[in-house]
Amino acid sequence: MEILEMQSICKEFPGARVLNNVNLSVRKNEIHALLGENGAGKSTLMKILTGIYTMNSGSIKYQGQQVNISGPKHAEELGIVMIHQEFNLIPQLSIAENIFLGNEKEFTTLGKINWRALTSASLQYLNQVGLKVHPKTQVADLSVGEKQLTEIAKALSKQAKLLIMDEPTAALTETEKEKLFSIMQSLVNQGVSIIYISHRMEELFQICHRVTVLRDGEYVATQDIPNTTIDKLVALMVGREVSERFPKSTTTPGDLLLQIENFSNHRLNNINLQMKAGEVVGIGGLMGAGRTELARAIFGLDRVSGNLKLHSKDGTSFSGTFSHPQDAIRHGLAMVSEDRKDQGLVLPFSVKENLALPTLNSRSKFGVIKHKAENEMADHYINLLRIKTQNREQKVISLSGGNQQKVVFGKWLETHPSLLILDEPTRGVDVGAKVEIYELINSLTAQGLGIILISSDLQELMGMSDRIYVMYEGRITGHFSRNEVTEEAFMGCATGGVQ
Amino acid sequence: GGSKDPQAEAPKGDEKQLTVGIALSTLNNPFFVDMKDGAQAAADKIGAKLIVMDAQDDASKQVSQVEDLIQQKVDVILLNPTDSDGLVTAVADANKANIPVITLDRSVNGGTVVSHIASDNVAGGKLAAEFIVKQLEGKGSVVELEGIAGTSAARDRGQGFHEVIDVQADIKVVAKQPADFDRSKGMSVMENILQSQPEINAVFAHNDEMALGALQAIEAAKKQILIVGFDGGDDAVKAVNDGKMAATVAQQPKLIGELGIQFAEKVANGENVEANIPADLMLVVKE
Amino acid sequence: MKNPLGLMQKYKLGPLLGLLLICFVLTILTDRFFTTGNFLNVARQVSINALLGVGMTFVILTGGIDLSVGSILALSGALAAGSLAMGVDPILAVLVACLVGLIAGTINGTIVAFGRIAPFVATLATMTLFRGATLIYTEGRPIRAVSEGFNKLGGGYIGPIPTPVIITIIVFLLAWFVLSHMTFGRRIFAIGGNEEAARLSGIKTTRYKVLVYSISGLLAGLAGAILTSRLLSAQPTAGSGYELDAIAAVVIGGTSLAGGAGGVVGTLIGALIIGIIDNGLNLLNVSSFYQQAVKGLIILVAVLIDRRNAVRR
Amino acid sequence: MKNPLGLMQKYKLGPLLGLLLICFVLTILTDRFFTTGNFLNVARQVSINALLGVGMTFVILTGGIDLSVGSILALSGALAAGSLAMGVDPILAVLVACLVGLIAGTINGTIVAFGRIAPFVATLATMTLFRGATLIYTEGRPIRAVSEGFNKLGGGYIGPIPTPVIITIIVFLLAWFVLSHMTFGRRIFAIGGNEEAARLSGIKTTRYKVLVYSISGLLAGLAGAILTSRLLSAQPTAGSGYELDAIAAVVIGGTSLAGGAGGVVGTLIGALIIGIIDNGLNLLNVSSFYQQAVKGLIILVAVLIDRRNAVRR
Ligand SMILES: Nc1ncnc2c1ncn2[C@@H]1O[C@H](COP(=O)(O)OP(=O)(O)OP(=O)(O)O)[C@@H](O)[C@H]1O
Ligand SMILES: Nc1ncnc2c1ncn2[C@@H]1O[C@H](COP(=O)(O)OP(=O)(O)OP(=O)(O)O)[C@@H](O)[C@H]1O
Ligand SMILES: O[C@@H]1[C@H](O)[C@H](O)CO[C@H]1O
Ligand SMILES: [Mg+2]
Ligand SMILES: [Mg+2]
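Residue numbers (our numbering), protein chains in the order written: chain Y, 1 to 499; chain E, 500 to 786; chain G, 787 to 1099; chain V, 1100 to 1412.
Hint data in this document are derived by calculation from the structure and do not stem from the laboratory.
Hints are supplied without guarantee of correctness; some may be wrong.
Stated by the list, open to error - Think about it this way: if two alpha-carbon atoms lie no more than 25 angstroms apart in a straight line, the pair counts; the simulated SDA-like pairs of lysine to any residue are: (1) E/K785 x E/A596; (2) E/K560 x G/Y943; (3) G/K990 x V/L1403; (4) E/K560 x G/R930; (5) Y/K179 x Y/L236; (6) E/K560 x G/K990.
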């Protein structure tokens, strides 16, 4: 039986038709995957379903009834709950308050909140998602992964009949992901239906029953998972064959590029690490292990004690620590940061202006910007990275998540770095684009670049790194070469065991 | 600055030093700076300590300042109220604390005040109007630049001015706008009026600052207009002598301040003083 | 913990430390400062700014700002005095002031929330508008407000404590309770913290945004009644510049202008800091020309000390 | 395109439309308005606020605010007049004013950028501080500034155009060029758009944050010299309240107080709107009590019309 039937949905934004006659039907007790490239319209379709956007035409049937969903609250009353791709948490409030935001009624008498009841009620959901943080903790103090778990707990608290998850695993590591899948399984057993959006193909085969594929705002197909393959789905999504998932090319490492000695600060504990030119060095670990902190320390964003030696390709070398990203950039470092909205992009800026930001000086004379050179540079990266945008002047805020990530990538490539730090570079990036990024990594290492790859996607980490360091609580607890690493050995170190 | 008080550090001699608090409506106007200077000089002469408060034209701020003076247990309070009604409470508080109050330049409408020292602003407005009527020979268009709406000075001068002007059949007030006792506002308001009124014969400004601003606007427009100000400040008197302004109604702020101290000493010594002490007004015209 | 002041950070004690420091210095410098009489005196002086500051805190917590409080204070004071003059009962006159404030605030809120105009511009415009209305109503003259009952509001005492101080304390406690223990208050924090997320959680953000300006207006109206009663007259120019002092109290108290973080406890401390600086400079007989410079410096230093202890990102 | 006003949105023509509407209405209501003489008159009156507004635009684009411009204007004017009185060359006196403004602005910037104090609080404190310094220096009295050379700055003409207008146009063009065509301007926008992302992209955000306040201070200093020269004297109270008008010009012109979006073209239009409203109300001889109310209403309506055409989310 169908719980949801969306028929011929069309949606236009000023100047862009984003959805064109899209159909989606979801059965009771089913986990239904929604698949498509970046910008295919997945999030938009789901925002229509939850009443955040109004569609231009089409119809929605829910539990056999024609419905006209007026807003998120209305959707919630119908039992349709969404976990958004971008976090929707209030940083200044506690976890417990965030979970019940808008639904505090049962914990209040005459408007006064019963804190004890609220806290203990939230504990139930935190345990369910396996988040071991006190419910009174401020959300601002959580790591990205912990925030994601809070979002999930919040959705669980709403007793959904139809739960929409827009890339919930993008920020999660293997353990949390497994936990999430078991939650999803038990929800389905209790009669809940789930729409699941993810760019991690193997997940679909682990957990989903059926899949609907969108391409460029059009409906392509709906298939039963057992009767399809990753390759078939990828072909449907992209409209062409994609050869290999992790096209890792092996390069012979060159000279010593980077040496980190005794890096310590309030979250790092005596980190030592080295890498050669042309190497991809992976850094793995569970949520909160301190990987991002290490990247920030290298890049001069946070204070750190210890020493860093860098031997750039132009023959210059540096010893010390960087005090400002500008230093780091000058010495050939670049960093694609973990959180593109908070740290990667200037949201009111256009694609062009974002791409140009770190390299303004190279396209200016006496401080005057050469607009022609800037336009050419922007078009170059839009083509090279296949950024889906109306033109170079479109504001990045209206790009899909994956395309925003490509813009961040492009701006750093333009600095022609000798060492590139990638902190979760494929979070929210579709398969096609992921492969493009991996190929890019290959061509960069072929040119002698060193790459530090931080990723919570174990497949990716093992598929793309030459060597892997594992971190736990700010320390390095393991170090593997490409061919000796196994999932068990990795997880052992990531949970604090010794190699 | 000139406000340094040499007496402040002086050891208290055998006999108790007289301490007077003076609460001024604002010090952002040379008129009151003169008043303060007059009081300071007089206080220095008799070896009294003077505590100066500047309320920046805010009645409730002034109430607070009087309260702070009461906390300091001064012997006499000289009050130049920002407003006649607003300071009644403060006077009542002082009365309760048995500290005598003398008002300067503007009066209060309640409480017990031992003495009031001021020039008569209504009379001053009349003086200015009569001068203009005479100069225009009873015929012409006049502009009035008003002080801050809601201050007694603006009110009283306007009242006196209109008492005379409004009964003139052939003199018309063609524009009447506030310029807040401020020179730059006086200029821009006058500039605008000059645009809208082709024919202007005289301007009466409620104080010299606005008159001097108007003068700038009029000179820039290359017009000949009779300007009358109020206060008799240095700049205005010079403008009158240079033939740029026609007249200013001179008050004697220094004298008002000086009298304030003299009477404060008398009151402190238990002498009886008159309830009303007028300070002379005088029309300053080119010698 | 590396930082010995960690505890202070956690409970945002920076402003309190600043306040204590200022009090300590003043106690040493003049024996007139640390007396019951002077404390009650300061408390009464501070009460108007504290009332405005409490209302302003609600507004700023949502990420807004209210520049019109001074004008609302004047307008409601004038209408209260006007009603008194028409022979209305004193209590009714106070209610008139509160009602006028409430309406004016609701106008602000409506323009901001439904007109989607930046709060700064909207309330800058209504600041001029309400001041104009006051001038029109009063014809630029103060209105006398002498009535025994009415004058007790601003000038009276309950026991040894001035009435305005009692009123301020009650308002402050109510506001504190609402902000820290009621859904209403928590939603205000949520809107300031992330308006979009709050909206997606089903909170009617526009409604709450209107309400915070209504509260600010209401308290400005109450302050107008108190000030009028204290001055025995409604001044058409009353309250000009008060918005800056109220905002300063809020921000010195640690509430972020971006919204979402802070509270009324800090605002009370902020208002006390400003009030005590004024009082202290007067008691110390600092020359009036130097007072402003010194006041500016002290505020700077107080905030700098506070910020040096703030968490670094 | 559904919305016929799409083009207007794209080029942010809302404020311009507002300006034209006001001009149209005034032309109908009074024949004194649409004359060359009055236009030059308005242009000269507006120039001070436009200069402050241009500096304020730089500050607001980074997400900051500068409340001290009025006080800086007074301080630099006073020191320029003081130097003149000491027999200094007129050109040097103008430079003194600019230098004083630059230093004062740099102090603001340093406190904001390195002291990490909210710009609102920091400049509120220096507003009081610089005003105090002015009072101390002038001892509360205007300082005469009569010197033929000096007085040409504010009172002179180049051809038929008043000198202050010429200066304002030059400053405006420079600012426009810097903001839209230079790396410096781009970085200012970036900082306002996302400070963290800007820092990560290698921009020394603190340096630029200091610089925008320096620019604002410098232009306030220049405005101080012009006003002093125009009034033939430096007033200790000059410029009080000017900060609000300057901010209003910026925001009416469409620059977001959150930073990152806007520009000086809008600010110029905003300053003209405010100036023309004042001028028009005077020309129409609107009763002084009604002027403020009407001005508030017009600003509200102008901004509301603008916002109604703004992109809906
Ligand atoms: N508010 C908007 N205005 C204009 N265009 C928009 C807006 N929101 C989304 N778009 C465009 O609509 C298209 C679909 O976006 P959507 O976010 O639905 O993609 P998606 O399938 O969720 O992609 P991803 O996997 O990257 O999250 C994109 O091309 C995007 O640029
Ligand atoms: N602002 C903060 N305040 C307090 N603790 C923080 C803050 N930011 C991060 N942490 C904590 O510091 C630790 C290291 O965080 P970091 O972001 O470096 O982890 P990570 O390995 O990159 O993990 P993630 O996958 O979550 O990004 C975590 O325990 C995290 O909770
Ligand atoms: O008498 C004074 C002066 O005229 C001054 O210019 C304004 O305030 C009045 O009280
Ligand atoms: Mg999406
Ligand atoms: Mg991380």
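Consistency of the hints with the structure:
1. E/K785 x E/A596: This hinted pair is violated, its Cα atoms lying about 49 angstroms apart.
2. E/K560 x G/Y943: Holds, at about 20 angstroms.
3. G/K990 x V/L1403: holds, 22 angstroms
4. E/K560 x G/R930: holds, 18 angstroms
5. Y/K179 x Y/L236: Violated. Y/K179 to Y/L236 sits at ~30 angstroms, over the 25 angstroms cutoff.
6. E/K560 x G/K990: The given pair, whose Cα atoms are some 40 angstroms apart, is violated under the 25 angstroms limit.
In summary, the numbered hints that this structure violates are 1, 5, 6.
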